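J.: The residues making up each chain are set out below.
Protein chains: 2
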Amino acid sequence: MAQRIDCDVAIIGAGSAGLTAWRAVHRAGLKALLIEGGPHGTMCARVGCMPSKLLIAAAEAAAGVHHAQKFGIRLDGSVHVDGAAVMQRVRSERDRFVGFVVADVQAMAPEDRLDASVQFLRDGVLQADDGRTVHAGRIILATGSRPVIPDIYRALGDLAIVNDDVFDWQDLPRSVLVVGSGVIGVELGLALARLGVRVRVLNRSGSFAQLTDPAVRAVAIELLGPELNLVQHARVTSVRRVAGEAEVSWVTQDGAARSERFERVLLSAGRQPALASLQLQRTGMPLDERGLPRFDPATLQVEGQPVFLAGDVTGRHAIQHEASDDGRLAGRNAAAWPDVQALPRRAPMAVVFSNPEIMQVGGGLAAQDPEAIVIGEVDWTRQGRSRVMGRNQGVLRVYMRRADSRFMGAEMVGPDAEHVAHLLAWALQMALTVPQMLALPFYHPTIEEGIRTALRDANRQAR
Amino acid sequence: MAQRIDCDVAIIGAGSAGLTAWRAVHRAGLKALLIEGGPHGTMCARVGCMPSKLLIAAAEAAAGVHHAQKFGIRLDGSVHVDGAAVMQRVRSERDRFVGFVVADVQAMAPEDRLDASVQFLRDGVLQADDGRTVHAGRIILATGSRPVIPDIYRALGDLAIVNDDVFDWQDLPRSVLVVGSGVIGVELGLALARLGVRVRVLNRSGSFAQLTDPAVRAVAIELLGPELNLVQHARVTSVRRVAGEAEVSWVTQDGAARSERFERVLLSAGRQPALASLQLQRTGMPLDERGLPRFDPATLQVEGQPVFLAGDVTGRHAIQHEASDDGRLAGRNAAAWPDVQALPRRAPMAVVFSNPEIMQVGGGLAAQDPEAIVIGEVDWTRQGRSRVMGRNQGVLRVYMRRADSRFMGAEMVGPDAEHVAHLLAWALQMALTVPQMLALPFYHPTIEEGIRTALRDANRQAR
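Heads up: the sequence lines are chains A and B, in that order. For the first sequence, the tail end lands on 462 under numbering that gives the first Met the number 0, and the numbers increase by one without skipping. For the second sequence, the tail end lands on 462 under numbering that gives the first Met the number 0, and the numbers increase by one without skipping.
Calculated from the structure, these hints are not laboratory results. Just so you know, these numbers come straight off a predicted model, no measurement behind them. One should not assume that every hint holds.
One copy or any two copies: either way a pair holds, since identical chains are not told apart in the list.
Using 20 Å as the maximum straight-line C-alpha spacing, the simulated SDA-like pairs for lysine to any residue come out as follows [to be verified]:
id : residue 1 : residue 2
1  : K69       : A242
2  : K69       : R386
3  : K30       : P285
4  : K69       : W168
5  : K30       : Q428
6  : K30       : G82
7  : K69       : A83
8  : K69       : D94
9  : K69       : D164
10 : K69       : A346
11 : K69       : H316
12 : K30       : D111
13 : K69       : R315
14 : K69       : D81
15 : K69       : A84
16 : K69       : G82
17 : K69       : S276
If we strip away everything but chain A, and leave its shape as in the complex, we get:
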């Protein structure tokens, strides 16, 4: 085994960003080395998008059984969640998705990959934990992110878990405290609650599912808060392991103190770039106060270095198609370095797969100049098709620039938000105005007619 590996571009991390980056460099005709120190299969397939949607599918199936009564479908008997069977399907389908990724990696030429953890020795040189060194003309950091584990929960040992752990469960626990009401906390908290797990969600602030429009957030909290047993502005004061359970105490804004026990505590209070083990301080990279290399978001290049970031390690929202786009851009720029370019990005969109679903397009309200926009709204409780399906809950708010009627973004909680998000993100990327959108077809009776209602509302106000 050669002690030294030379390559044009070393890609650290074989997730969605790293794999795409590797292909881009490879396609450019350069020698690309894909380095992975952990399990293959991407965060998305192993512990992210796919297994969470599998758990959610089971939860929605359970909710659908109860919902059916509204339509005249009667159950003579009871509904029972077979936790072992639920988790069996989640794991086996998850393994199938992971299998596709692993097969792709295994099909690579052996000299194109290195399964080892690495750290920097100096600029352009990596030390692998199998003793080998990698010398690379350019490096792509695609190491992803890790959950933040607040120190106070360390006392819980294996009772404190992260999302990764959920998908290896053999059965459902009876109770789970979810710490954090971001995307992961809301998705998993709601799925577990609908599968009969006693769930409590605590959040330090008033944030919810990354919504930035207070009106949409308020409706989302009103709709999902009760099932989540959501407590906002909660400060955890003590965490103890008692009789094999986690006892967690907190105080709320009004000073009320409370203590509850749970079988597990799911920590989903944020994620941070996974860079700690790389020893970046041994390189010439300029680091910010968090230890993250300073980089140009447009080109993904680290300032002044032949090093590029791609995917969740950038610290931006963890969104799979953006990670792949990052990989393509970083790979292209690493291959062409020093001729780096900024490529056009897709219109921003984000979806939370709760029920009702939550979505944001164009960075939501936070990305708008409040003085420059009018806000159009539809109340889903009154929308025709939503009501037909008994799913008439939520609100959509669309943001239109007053000066030229251009559609700028939206936030929503309500039915089929993932589909609404696509239509609106496509319209945003095409730079459509609201009048142009109103000239497009809206079929009857569909959820999309609710979009039209909101767009008309914006249009009317602008007149």
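Since the structure of chain A is already known, use the hints to place chain B on it.
T.: Structure of chain B alone, referenced to chain A:
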């Protein structure tokens, strides 16, 4: 009561097209008279889009209960469809939708409407069945369509029904023969089957749900045919009323004869423009061999006459938003006559609310020049999110013009086809190329990623 009513524009028919036409004429400042001889409330709200989707929602709820087992949700007991409760919700929600339309009509000034059946006396003059005459400078025909009732079924009396009758049921029948596998036959047949009614669908030809792509049609028939007990190329040879039931006999293409009994026979073998009672032959309108006035589809004007058609009476596909667009156009042109214009139309789309759903964009394959296109495809059985939800069935085929890579249309049977149809119809109307569409966001993991697979497939073939 005045015996003679004078108006600038008489609109015959207060459905989706007529109501919109009335508003357009009224907005233009002319005296518009809305004439309706039947019940108010639009076909869509009374007997079309809305009540059918209500029945389908109940059917899907019932199907969802069984589907839940796949995810590990167990039913200890049995599922029972409470037919009376199902129909109660259908009727009461239907009445609510109808109520909105009726309230709008009732809010009109009394002199703006005439609740009477009318027939032409001569050009510009209508005789109402209450004895009054209407003298109108221009006339809009928005009388809608009626189901075709083949003579052979007349012997059944009240056992032979049309879609209108279904939504007044107090309970579900035990068995229904559905004649015709167009949109209405497939939607209602499938809903009834999923609600436990013994259903048989007979169709004279090999057509199915207006699909024109043989590959998509074959998959749709494979997926939905068994639940519908579909018999294609069936020639009905005799229809008798026996012991309060309908006994229907038919022969199939291979010469096999069969006879079955049903509680009801639902006739959905096509619709025809509702013009018979108008006595159009008394006017100067040029009529075709079916008695339909010859008109310009672009302006909706009857050749050489100050008369306009709008909505289903045109004989085109009965699609609600197109009927409204017709009304707006006919109203605008009637008001501006003789300065009539062709207005831009929306990209064509059609949805069948079966499950899996069926859709067509851009007129489907039938509207394409087969030599000029390449066809991209996605097999939903292998698509990620579809599989996660256990809804991985069907196929999407997209049509791309070889010369300039422009997206031209699509047909599909599969998950969430109504949402896929909107995205693709919007892309069609924006005249996007497939490469432009591939630069738009596709969130992970969603059904929309399947669209991307099909687009990439088309792109690859064109290279």
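J.: Evaluate each hint against the coordinates.
T.: Here's how the hints hold up against the structure:
1. Taking the closest pair of Cα atoms, K69 and A242 never come within 20 Å of each other, the shortest separation being 42 Å inside a single copy and 36 Å across copies.
2. In this homomeric assembly, K69 and R386 come within 20 Å of each other (Cα to Cα) only inside a single copy, at 12 Å, whereas the closest approach across copies is 27 Å.
3. For the homomeric pair K30 and P285, neither the shortest alpha-carbon distance inside one copy (26 Å) nor that between copies (75 Å) is at most 20 Å.
4. In this assembly of identical chains, the alpha carbons of K69 and W168 lie at most 20 Å apart only when taken from different copies (18 Å versus 33 Å within one copy).
5. In this homomeric assembly, K30 and Q428 never come within 20 Å of each other (Cα to Cα): the closest approach is 35 Å inside a single copy and 44 Å across copies.
6. In this assembly of identical chains, K30 and G82 lie within 20 Å of each other by CA distance neither inside one copy nor across copies; the values are 47 Å within and 67 Å between.
7. For a Cα distance limit of 20 Å, the shortest separation of K69 from A83 across copies, 13 Å, qualifies, whereas the shortest one inside one copy, 29 Å, does not.
8. For the identical chains of this complex, K69 and D94 are inter-copy neighbours only, at 17 Å across copies versus 36 Å inside a copy, given an alpha-carbon limit of 20 Å.
9. In this homomeric assembly, K69 and D164 never come within 20 Å of each other (Cα to Cα): the closest approach is 36 Å inside a single copy and 23 Å across copies.
10. In this homomeric assembly, K69 and A346 never come within 20 Å of each other (Cα to Cα): the closest approach is 38 Å inside a single copy and 36 Å across copies.
11. In this homomeric assembly, K69 and H316 never come within 20 Å of each other (Cα to Cα): the closest approach is 38 Å inside a single copy and 33 Å across copies.
12. Taking identical chains as interchangeable, the C-alpha atoms of K30 and D111 lie at most 20 Å apart only when both belong to the same chain, with a minimum of 8 Å there against 79 Å between chains.
13. In this assembly of identical chains, the alpha carbons of K69 and R315 never lie at most 20 Å apart, being 42 Å within a copy and 36 Å across copies at closest.
14. Taking identical chains as interchangeable, the C-alpha atoms of K69 and D81 lie at most 20 Å apart only when they sit on different chains, with a minimum of 11 Å there against 24 Å within one chain.
15. When the C-alpha separation of K69 and A84 is checked against a cutoff of 20 Å, the pair qualifies only between copies, where the shortest distance is 9 Å, while the shortest distance within a copy is 27 Å.
16. Only between protomers do K69 and G82 lie at most 20 Å apart by alpha-carbon distance; the minimum there is 13 Å, versus 25 Å within a single protomer.
17. In this assembly of identical chains, K69 and S276 lie within 20 Å of each other by CA distance neither inside one copy nor across copies; the values are 54 Å within and 42 Å between.
Figure legend: structure checked against the earlier numbered hints; hints not met, in rising order: 1, 3, 5, 6, 9, 10, 11, 13, 17.
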